[in-house]
Amino acid sequence: MQVGLTWTAMMAGWLFFRETDAEYLGHFLRLSPAVTMEGEAAIGLHFFVLAATWSLPLFVHDLWALARERQVAPVAWLESRLTGLRLAGVQAAGVGLLATLTLVLRSTTSLDFIYFAF
Amino acid sequence: MIFHSLDFAAFFAIVVTIYWRLPHRAQNLLLLAASYVFYGWVHPWFVLIMLASTTVDYWAGQRMEDDPARRGRYLAASLAVNLGMLGVFKYFNFFVENVRDVLGAVGFTVAPPLLEIALPAGISFYTFQALSYTVDVYKGEMHARRDPIDFALFVAFFPHLVAGPIMRARNLLVQVERPRTWNPTLARSGVVLVMWGLFKKLVVADNVGVVANRVFSQSDPAFEVLWAGVFAFGMQIYADFSAYSDIARGVARWFGFELVVNFDHPYIASSPTDFWRRWHISLSTWFRDYVYIPLGGNRGPALVAACTLITTFLVSGFWHGANWNYVIWGFYHGVLVWSTRTVGRALSLPATGRGRSRSCRSA
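Residue numbers (this note's numbering), protein chains in the order written: chain R, 8 to 125; chain H, 2 to 364.
A hint or two may mislead.
As the list claims (entries may be wrong) - With beta-carbon atoms standing in for the labels, derived distance ranges: (1) R:Gly33 <-> H:Leu104: 19 to 25 Å; (2) R:Leu104 <-> H:Val305: 28 to 34 Å; (3) R:Leu104 <-> H:Leu30: 37 to 43 Å; (4) H:Leu7 <-> R:Thr116: 56 to 62 Å; (5) H:Trp21 <-> R:Gly103: 35 to 41 Å; (6) R:Ala49 <-> H:Val175: 54 to 60 Å; (7) H:Glu178 <-> R:Thr116: 53 to 59 Å; (8) H:Phe93 <-> R:Phe123: 18 to 24 Å; (9) H:Ala27 <-> R:Val56: 51 to 57 Å; (10) H:Ile19 <-> R:Gly46: 55 to 61 Å; (11) R:Gly101 <-> H:Tyr92: 16 to 22 Å; (12) R:Ala80 <-> H:Gly41: 37 to 43 Å; (13) H:Thr56 <-> R:Leu108: 41 to 47 Å; (14) H:Val344 <-> R:Ala49: 35 to 41 Å.
No wet-lab data here; the hints were simulated from the structure. Glycine included, each C-beta is placed from N, C-alpha and C at the ideal position.
Take the sequences, apply the hints, and build the full model.
This is the structure:
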């Protein structure tokens, strides 16, 4: 629950980071689900599912890290087995898979790295 | 030059091929030249700005050691030049516009000139990195360097130049000065890091970014649409920024360097304090060591400690951009960290998250 609450609080903070116009920011903070028009909630859900789907690899990576931190037995066992040639093989397979997925799934819109603006 | 471009791929291939055929000293010279080419690829004059910072900090470090009675003045010179450059290129227009607005609110109409000048890429990163050197020399925590090539390379090292991780001199400068040997295990792990970074950037960040941009381009989104967009941006910025750090670390490994871990799965943090031990670690530890602790840290009365904490977060927010929304963002996080710590102490809860600082730690 602590992880969930922290995640929610951190996510909410990104509104302040993303919206640079004070007037819009004020307007957004006053928005309420009570005035949502028909169909708009479904659009919001659509955007959420779309973003969550593209973010799936990050969720998987984070869950693996969480399991490692909490020393979940299967994860610890698997990591102890990944040494030497076996590790090299897994790394090679991983790189191949990532390269293929990148070529196939890369966005048609190329965006600058966000932190280049800082 | 951006990482995911053919220009960079060709540049990297040429540099790394020549690099491992050279002795140590020549390697540093090659990397320095390559870093200046990398940085000046689009705007060559950016290199002059970085050279100015490098020259002043190199000189200041030596003067502090040779004339310790006046070391405060040399530190002040370093601070003035580095923060002055930031002030001019990044914050000048912000201050001028706010002064204009305040004067306008009280009846004085002014039209001050604004600077129309590109923000040198990475200036917020390499100035902080260079300042960490001069402050550490001032405090006597490290010796001033007498080799201009090594020092210039410490400032300009291209893999992390534009967006971090911010490296401390006691970490990166030491690696610059030490001979490096080819390590196939390190190189292999570097390839994995680069590939993972490219995947996060080109597949995750850019696709999720399209969703976020669509939402934030609307002037009146519905509540559910807005917060879906906020979620999308939260994932975009994590994927985007951690991707850069991973690619930087992977590329650096191919030259025998180890850069610090900059993101440690921040979205599994168990508290706001834990989040800041995992998010942009090199920056948060920089602010902890060079702003928060010198201001007093958590010592003194509770109100003073709270003000110190929130001030540090305000400054950290402002570092991100010349706009009030970043200050509000910093304030939001400062209040969150302070309030959760206070409540935690009041309830005598055990410290959450990983207690060990990750300052300068390499994976």
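Hint by hint, work out which the structure violates, then give me just those numbers in ascending order.
-> Violated hints: 2, 4, 5, 7, 11, 12; rest satisfied.
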